[in-house]
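4 protein chains.
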Amino acid sequence: MKRIGLLTSGGDCQGLNAALHGVAKALYEYYDKDVELYGLRDGYRGLIEGDYRLMNREDFSGILCLGGTILGTSRQPFKLMRVVDENSVDKVKAMKATYKKLKLDCLVILGGNGTHKTANLLREEGLNVVTMPKTIDNDLWGTDKTFGFQSAVNIATNVLDCIHTTATSHGRVFIVELMGHKAGWLTLEAGIAGGADIILIPEIPYENKYIIRAIEKRNAAGKRFSILAVAEGAISKEDSLLTKKELKAKLANRKYPSISYQLAEELQTALGQEVRVTVPGHFQRGGSPCPFDRTLATRLGAAAAQLVINKNYGNMVALRGTDIVPVPLGEVAGKLKVVPKDSDIVQAARQIGVSFGDC
Amino acid sequence: MKRIGLLTSGGDCQGLNAALHGVAKALYEYYDKDVELYGLRDGYRGLIEGDYRLMNREDFSGILCLGGTILGTSRQPFKLMRVVDENSVDKVKAMKATYKKLKLDCLVILGGNGTHKTANLLREEGLNVVTMPKTIDNDLWGTDKTFGFQSAVNIATNVLDCIHTTATSHGRVFIVELMGHKAGWLTLEAGIAGGADIILIPEIPYENKYIIRAIEKRNAAGKRFSILAVAEGAISKEDSLLTKKELKAKLANRKYPSISYQLAEELQTALGQEVRVTVPGHFQRGGSPCPFDRTLATRLGAAAAQLVINKNYGNMVALRGTDIVPVPLGEVAGKLKVVPKDSDIVQAARQIGVSFGDC
Amino acid sequence: MKRIGLLTSGGDCQGLNAALHGVAKALYEYYDKDVELYGLRDGYRGLIEGDYRLMNREDFSGILCLGGTILGTSRQPFKLMRVVDENSVDKVKAMKATYKKLKLDCLVILGGNGTHKTANLLREEGLNVVTMPKTIDNDLWGTDKTFGFQSAVNIATNVLDCIHTTATSHGRVFIVELMGHKAGWLTLEAGIAGGADIILIPEIPYENKYIIRAIEKRNAAGKRFSILAVAEGAISKEDSLLTKKELKAKLANRKYPSISYQLAEELQTALGQEVRVTVPGHFQRGGSPCPFDRTLATRLGAAAAQLVINKNYGNMVALRGTDIVPVPLGEVAGKLKVVPKDSDIVQAARQIGVSFGDC
Amino acid sequence: MKRIGLLTSGGDCQGLNAALHGVAKALYEYYDKDVELYGLRDGYRGLIEGDYRLMNREDFSGILCLGGTILGTSRQPFKLMRVVDENSVDKVKAMKATYKKLKLDCLVILGGNGTHKTANLLREEGLNVVTMPKTIDNDLWGTDKTFGFQSAVNIATNVLDCIHTTATSHGRVFIVELMGHKAGWLTLEAGIAGGADIILIPEIPYENKYIIRAIEKRNAAGKRFSILAVAEGAISKEDSLLTKKELKAKLANRKYPSISYQLAEELQTALGQEVRVTVPGHFQRGGSPCPFDRTLATRLGAAAAQLVINKNYGNMVALRGTDIVPVPLGEVAGKLKVVPKDSDIVQAARQIGVSFGDC
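In order, the protein sequences belong to chains Z, V, L and U.
UniProt numbering numbers the first residue of the first sequence as 1 and each following residue consecutively.
UniProt numbering numbers the first residue of the second sequence as 1 and each following residue consecutively.
UniProt numbering numbers the first residue of the third sequence as 1 and each following residue consecutively.
UniProt numbering numbers the first residue of the fourth sequence as 1 and each following residue consecutively.
Any given hint could turn out to be false.
For identical chains, the list gives no copy identity; a pair is met inside one copy or between any two copies.
As the list claims (entries may be wrong) - Keeping only pairs whose Cα atoms sit at most 25 Å apart, straight-line, the calculated PhoX-like set for lysine-lysine is:
| id | residue 1 | residue 2 |
| --- | --- | --- |
| 1 | K33 | K217 |
| 2 | K33 | K223 |
| 3 | K182 | K145 |
| 4 | K337 | K145 |
| 5 | K117 | K182 |
| 6 | K237 | K255 |
| 7 | K255 | K93 |
| 8 | K96 | K209 |
Just so you know, the hints here were simulated from the structure itself, not pulled from any lab data.
All of these numbers come straight from a predicted model, not from anything done at the bench.
Turn these sequences into a full structure, and let the hints guide you.
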């Protein structure tokens, strides 16, 4: 009897259930009755606290297009330290104890960057783990795409499409603030797909003067409106030169809930033109996964099952070109995949006249 | 030669172009070459400043499903007084002058509450006007439904659907703040369609204790999450007892950008549970009109054309049951249609266990 | 202890689960633990064969936006006679026996025209019934709208929107065949919302010469394409003059799977222009209900529960204007609500230049 | 002054306008006023007949999310031979004459397989051409993805989703016939994303006995329904062994409009269970491109502009992994990219229990 644990960790996103559907169906198909799947509740919390349940085939039926995760999720444990009165060693011990108690052959872990750091730690501690890359940020090193990303791009693009019609009608400047603290992939792809005129991402610090110049150029060309797609982690050149500590202090004193509101006031003052802000927020990570993410998550799920079957542990399954391949966890953990400034997608946006606020 | 003016005024919404498409096509079909349609730019501003253009058939082709308004729009003029250095008499004079200069037989005006006050004023000043009811708020007296409303409900419901999956996965309380300063129709219908557990609208002042009770009841029943659909004009019972002046002073000092953020903090403190806020904002009024709005706008457009043809001026076209009927402008102007506390839709929501925070 | 039966009968549509959600939640809220809900499987089949299950609150959780029906459905029993070797009296007897065996206080029945005939028969036989109007055809007498209708209109309109872009690009004539054997509501509303140039519905027999004239008029005006929205029950004037028997014989010999293919060939021959056919089929009745249908179904469900609570049996709940009202089953059963030829919606379509192929 | 011709050829698809938007904006941005773009009408027809127009910047404004092609399209010329009374040499001559007359520096051609054959012929005849890969079939050799494909997958998946709810409610077998005569990519990806139980594609001939076995296995497991995603070019093993001529003769005598109807009858007879067919048809290639296709088309457009700028003619722009690269036309023309039987995506589908009807 094979015994496999399943857990989803970190912020939820579209495709988690599709991925669980893929890995579970593939395991049941292969092992038939010789496998037991254990669902750990709310990510690593369930592993730490020994909160789990034995799943059955029916649990995975009809969840391919369901948003969220049937297992529940929570922020990963090393961030929880502030809340829970434990030290990190104890948590790792607790996770190993649950793993042992359940007599697991392997733990299949779905998550983003933080999750992968912990997964790699567990691997180093001797547990058998196989991981799957999920995040709407697409900032996980080692895979071309993470599931959740395309679904979030679709939602964000839809918001930009809708803002277009109201911006045109009223002749306004609109800022749409999209998710992405450290990586601008979501804002970049949605910005291009949604026809944003200006795209601000963490990787390319902006200066107000260039943004203003871009808007004025549009005004001069008779365009009634301008739309900015702004990542929540977008940063001005000035701020990008601060130390981490200085920046933190500055942000703590900011009177606005986020970068967009401050930028809106600055632009409004400079331009004498109405500037509005829209922040779709968590809406971006919810709802049914798009077909691209369903297929990707299914393929990754089937590949993860194959790694389990082959006892090829310690790997993340990844998309590379048109193939699904294993990537050693040690190569992935702790690395962030940000947008290269000279990537062809940034280049393409510049070619069609999009401003990144940097020149 | 008939000469008809067209203008769209107030905040834009879905269906404006569908309505223009309806009225214009019906007029061209009826009069063929014996009609000239003049588009006033940006609502009453175009009428005041004499900013217009002669339209042609092609201008109205392919706009049935286009969001926004091809004529542009602006806030209606009596709010502009603060900005523009003019007195209201002059503006009315200016509008009459443009009407005269263009030798219009009639002015077809699309707008919401403010727009209809002005339209009625113009009627009283002797101009021939026919109006069409647009607003995502559905708060225009005299019609069962305004176009734009259903499209906004669809978007708001979609946001609630998406938030559901993330709320379930994380076990959180979520507040979704929807448009509606004075009337709660949008929040009410989207709240029911999106399965909100608590619905707060301006018409039914809430008390925190009842909201908390509703959430705790859900927690006790083992539900992991609760979702609140909150109109931006929702008001606590305490605040509802203040004079207008007192309330204004209080709101001016509020440290939060809107009611939802304040409520979130209060609930989080009281419940010891994470409470998140999402504010879709202008997104709600943009994008392609839904089929319901397209059909409604087309029917209203054709009916408005018929009123023009019959010289039956001074009316708004309205939906009553399954019929389109004319309603005298004098009956409509200045009246707000709010949600009756005992309407069967509120009643239905209460029956299925939705809390309005009032008991 | 109250004991209520629930059944959904006839072709499935969007909103059935939302309606079940509404009626069940309202009954549980009102009676709390003093009510038992019995789900009859697959419509009247379950009532005839005594195939049912005791439902619980969880069964109705999360189904508000789920397409289809959790109870299953089947064609209503008097059509089943061909398949099942029984006579109709026996079936009625069997249904009464199940009702008695379950000691039901009332049976809540969701269905369309056929379903309502049977429901009324059961009422006449002494059973307590309350019904809810579902059908994508909107052809149920006594209610302004049935749930399912608007969702189907949305899908059909989306098909027309998509066909528009391909028709424009290729300069083709396209026929989109939509559901509706006897009533043209779906084709009419989707046709208007989707910008169809020609709309053919069962209520208005067409002649090819008028269709050809309409297309040629568009060609002459430089339009590259024409789109026809055709109800599957659309009928030529010639065929409309046949007796039922003659028509049946003629249709039996038709070499085409449906009216659209025949019309396409006739038009292609007459016009010398490429004519394509698209038949979305069952796609129109599937998927998640639109917000309009969810709210309507919820309101109807709550109203049906109220009728049960008040022992106000023998009624269908209906939408009239902005209200939900009870309508005696005897007034509803056996009546078809077709599109009046002079209804303002037909009139509006004609005004904007849509051809119904009749002049 | 640079003079560039633009043409879109073959069946239309989503993203053509986004691609035109990309290439045109990039050319205008680079050359500013030193470039003239000529739009050839209806694909190669416009080039043959000298039917074109000088475009301007405004023509490309707002078309990013517009379905279809603003240039019009037609089947490519060597199929037109039957219609137009010319021989192929003459057509090539005519195309070269138009190219010369317009003094073009380069011709940018958007199309699929047939289009690329002709484009390569023109290259061999000495014309400067740059091409972009469009097709919902994704069967163009040399690129990982074509634009149009993902949008079509989204529509097809949506149909499968909707059919799921009706299939569940009624307990039926449903066949959804999707586009794809020679390649099964669309059916494969939509089938996986839409949770199809059986997927039939041209690349993997099926036998009825295996399909029946798969359905009976589901029935035995208590599933009420089965859904087949069937490419229009799916072929039985028996038919796959015929010569091309034999097959053509057999298909000519087939009494059904397509493979699905025949299969439905065969399965219904074998299973004694209701089998329904849905054929979404041209609906799959219409409507607004999805964000994935908009971004891809924009990147390809910008890359094509760069090839023009660099005089790097004779190439198709292609997606390879995360990069956009040029591929020599000679390597692309005449090659079909079909689904490899052992591709990991087929493998993944098999792993989760999907049947391809071949074992």
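**Request:** Give me the numbers of the hints this structure contradicts, sorted from smallest to largest.
**Result:** 7 and 8
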